[in-house]
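**Q** The residues making up each chain are set out below.
Protein chains: 4
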Amino acid sequence: MLEQLKEEVYQANLELPKHGLVKFTWGNASAIDRERNLIVIKPSGVDYATMKPSDMVVVDLEGNVVEGNLNPSSDTRTHAVLYKHYHEIGGIVHTHSTWATIWAQAGLDLPAMGTTHADNFYGSVPCARFLTQAEIDRDYEAETGHVIIETFQQRNLNVLEVPGVLLKGHGPFTWGKSAEAAVINSVVLDEVAKLNLFTRELNSYAEKLPQGILDKHYLRKHGKNAYYGQ
Amino acid sequence: MLEQLKEEVYQANLELPKHGLVKFTWGNASAIDRERNLIVIKPSGVDYATMKPSDMVVVDLEGNVVEGNLNPSSDTRTHAVLYKHYHEIGGIVHTHSTWATIWAQAGLDLPAMGTTHADNFYGSVPCARFLTQAEIDRDYEAETGHVIIETFQQRNLNVLEVPGVLLKGHGPFTWGKSAEAAVINSVVLDEVAKLNLFTRELNSYAEKLPQGILDKHYLRKHGKNAYYGQ
Amino acid sequence: MLEQLKEEVYQANLELPKHGLVKFTWGNASAIDRERNLIVIKPSGVDYATMKPSDMVVVDLEGNVVEGNLNPSSDTRTHAVLYKHYHEIGGIVHTHSTWATIWAQAGLDLPAMGTTHADNFYGSVPCARFLTQAEIDRDYEAETGHVIIETFQQRNLNVLEVPGVLLKGHGPFTWGKSAEAAVINSVVLDEVAKLNLFTRELNSYAEKLPQGILDKHYLRKHGKNAYYGQ
Amino acid sequence: MLEQLKEEVYQANLELPKHGLVKFTWGNASAIDRERNLIVIKPSGVDYATMKPSDMVVVDLEGNVVEGNLNPSSDTRTHAVLYKHYHEIGGIVHTHSTWATIWAQAGLDLPAMGTTHADNFYGSVPCARFLTQAEIDRDYEAETGHVIIETFQQRNLNVLEVPGVLLKGHGPFTWGKSAEAAVINSVVLDEVAKLNLFTRELNSYAEKLPQGILDKHYLRKHGKNAYYGQ
Chain A
1 MLEQLKEEVY QANLELPKHG LVKFTWGNAS AIDRERNLIV IKPSGVDYAT MKPSDMVVVD
61 LEGNVVEGNL NPSSDTRTHA VLYKHYHEIG GIVHTHSTWA TIWAQAGLDL PAMGTTHADN
121 FYGSVPCARF LTQAEIDRDY EAETGHVIIE TFQQRNLNVL EVPGVLLKGH GPFTWGKSAE
181 AAVINSVVLD EVAKLNLFTR ELNSYAEKLP QGILDKHYLR KHGKNAYYGQ
Chain B
1 MLEQLKEEVY QANLELPKHG LVKFTWGNAS AIDRERNLIV IKPSGVDYAT MKPSDMVVVD
61 LEGNVVEGNL NPSSDTRTHA VLYKHYHEIG GIVHTHSTWA TIWAQAGLDL PAMGTTHADN
121 FYGSVPCARF LTQAEIDRDY EAETGHVIIE TFQQRNLNVL EVPGVLLKGH GPFTWGKSAE
181 AAVINSVVLD EVAKLNLFTR ELNSYAEKLP QGILDKHYLR KHGKNAYYGQ
Chain C
1 MLEQLKEEVY QANLELPKHG LVKFTWGNAS AIDRERNLIV IKPSGVDYAT MKPSDMVVVD
61 LEGNVVEGNL NPSSDTRTHA VLYKHYHEIG GIVHTHSTWA TIWAQAGLDL PAMGTTHADN
121 FYGSVPCARF LTQAEIDRDY EAETGHVIIE TFQQRNLNVL EVPGVLLKGH GPFTWGKSAE
181 AAVINSVVLD EVAKLNLFTR ELNSYAEKLP QGILDKHYLR KHGKNAYYGQ
Chain D
1 MLEQLKEEVY QANLELPKHG LVKFTWGNAS AIDRERNLIV IKPSGVDYAT MKPSDMVVVD
61 LEGNVVEGNL NPSSDTRTHA VLYKHYHEIG GIVHTHSTWA TIWAQAGLDL PAMGTTHADN
121 FYGSVPCARF LTQAEIDRDY EAETGHVIIE TFQQRNLNVL EVPGVLLKGH GPFTWGKSAE
181 AAVINSVVLD EVAKLNLFTR ELNSYAEKLP QGILDKHYLR KHGKNAYYGQ
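So the sequences go chain by chain: A, B, C and D. Numbering-wise (full-length UniProt numbering), the first sequence opens with residue 1 and increments by one. Numbering-wise (full-length UniProt numbering), the second sequence opens with residue 1 and increments by one. Numbering-wise (full-length UniProt numbering), the third sequence opens with residue 1 and increments by one. Numbering-wise (full-length UniProt numbering), the fourth sequence opens with residue 1 and increments by one.
Treat identical chains as interchangeable: a pair holds within one or across any two.
Heads up, simulated DSS-like pairs for lysine-lysine below, C-alpha to C-alpha not over 27 angstroms straight-line:
#	residue 1	residue 2
1	Lys52	Lys18
2	Lys18	Lys221
3	Lys208	Lys221
4	Lys23	Lys177
5	Lys208	Lys23
6	Lys224	Lys208
Note that these hints are calculated values from the structure, not bench results.
The following block holds chain A by itself, in its conformation from the complex:
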């Protein structure tokens, strides 16, 4: 079932090491079929070199396995919670990519300091809080999803305008309308995290991008009158 979506999720997972975002089996990409409410996700701890599209696991919106012989990613319930809450999301990616993880470990929001950021993220990428001990004990992976939702609600953010988050002490999650879009947002997030780290080192007084330039770059690519691309 869902052969095409499995192929897409498989390809999205392969893109992650190709872009230098994951080592070994760290990281996972998924996508959802919104008509059937079924999620396709990478199996847990399987080597990329031998992994096949048919190894992708199908789970429902509670994270229960519907099809597949392998265990799904240990982060499956985080994906499921996000898909359930945000109907506009079609694909999700989690990595420990170096530079985004550094901001996550530093516990800092990633501010929009340049147009590379503005081309893809409409404002700061938030850093979510640590889970409490009670949340860890209750259901670590599902609660991770709830903390992401809480973060976006508290800051009144639109998940398609800011398609990613940093989990404090952990690493980034990104998403988009498809798994492929989520991969692209992962690549951008990691690059922007690198740019901004060294920008601060070079000039601790470096300014955030003026709102007018942030608007211009985000909207010329994603707004109603977008004129970037074909």
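Position chains B, C and D relative to chain A; hints supplied.
**A** Same frame as chain A, but now just chains B, C and D:
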């Protein structure tokens, strides 16, 4: 039309990811035919893997499409303004290359701190100011070109001696007598930006290169009595 | 003799340059056959490109050559001391990998600041002290092993829970149940060293991972009820 | 003439981009035939992809071309001065490798902070002073060689024990008994420069390696009773 120039521009664009200066479709290279006053430029948002020389777009000095089925780069008017003003320029490259972009985000001129710099840039590479809201609203891409010209005029710089600029909060533009030369200047600019960032981190009192060594290195390669190369 | 173990050790050594952890012939991997108490280790200073499985050297627990035409790694006695003392170790790797070596040169323990660390190391990776002149003169390589043992004893650490150490002014040793596991721990240690260095640069007040999250990540992968992987 | 030496110098030059030490045509390697007092060196500004062993240029100890259709490296006279003064040197390499160049731009000696350094350089790698205007005007490249000699004399250093130097505001020169040895020393110097830069960033109080460990590592590889390698 302009088949050879299209091939050159196509090759120059392919050089950018090869040198690690662009990810995805970020960045663009162009060249001009000075006899016909026609610019050849990369199409907007087209994948490098499938892009063909015949996909290159021909535009006039106002940035209007003269030939081509694809939309030209969204930065086309910046290129056009520069070609129109500086007759000595034959090729232009724009990237968000990591280290040059860091200096652009920091809003700092890139000083000549070593001979790697002096071999290619005869003095500091200036960082141009942010565009005003009025400029953004009027014609963002064309005004970007005008701010570059303003910067070179205010500092009394020769565009062939200093073949590049940093756009504050954005990234570098470089140029040269050909698209290939502009690519080389992009590579050098990014490397020098990396060298100088870490030089400052290592020694915040590091000096600029003495004028005599700057002269020697620039002129032995680009002066009347140059003796570098064949 | 020990043909299969030689093949494993050979492959483990080849993994090191593939993961960017060693240049030239720096670094060495070994494994032990616990039934025969024989160690298989890389020969000293032999080029990876021409090295064959049959070049691996067999030594006993004192580091004496039992089979092989080549000299074993100059660090052989350090490996032997560790195998002799810690019966739970099956493979050992030594490198001068960039980021772990930086922490070793800085003389600092590597704290658990994120889940990348917690997934593989259950707490700080200790930095062992410099050897004294007397130790250097007595038997440098064997004493290096003793200083590692001393470090783990003083801190009351379990070598399988914290499968690595930093040697002050030198570089990392890692280990595991097999040579392959030791290689993985080397890769993780180097990545975590990079993450934590830049985390500190970004935010000098960055916190260590809360104990509850450290527990959760280490134990979901390595505890009794582990549910990571297949 | 000197076909074998040309092949060695050609291979040494190709190693430089392979190890990430040079971009484009920056950098040059040479070797000397001590019986004939003839130096073989890379031609100036020739592309590595098309360069052939027969393109190597033969010059005498004054830097005059003895054989070859191409201009020798613009740095030829620096090489010649060093070969003439130091009879123990068989090969020389000059690059603008990133991390060594950063120390050169910072104007700082590279101290021995770890065993990676001690395995190849017996103490600090000195940073030579800027040339004076008179020296630049007289004969820039030859005077560069004289400043290197001056630096080693003032500090009473043995060129085989410390087989490299940083030229202030420029980059490294390394050497050895052969061109291949000089290449290895270039790789080590760049890696050590990277290690030490970030060691200082991580811990500004990081110590130099104790003399006893410096002795042990240098001498077990290069001393009378060396036991590293085969």
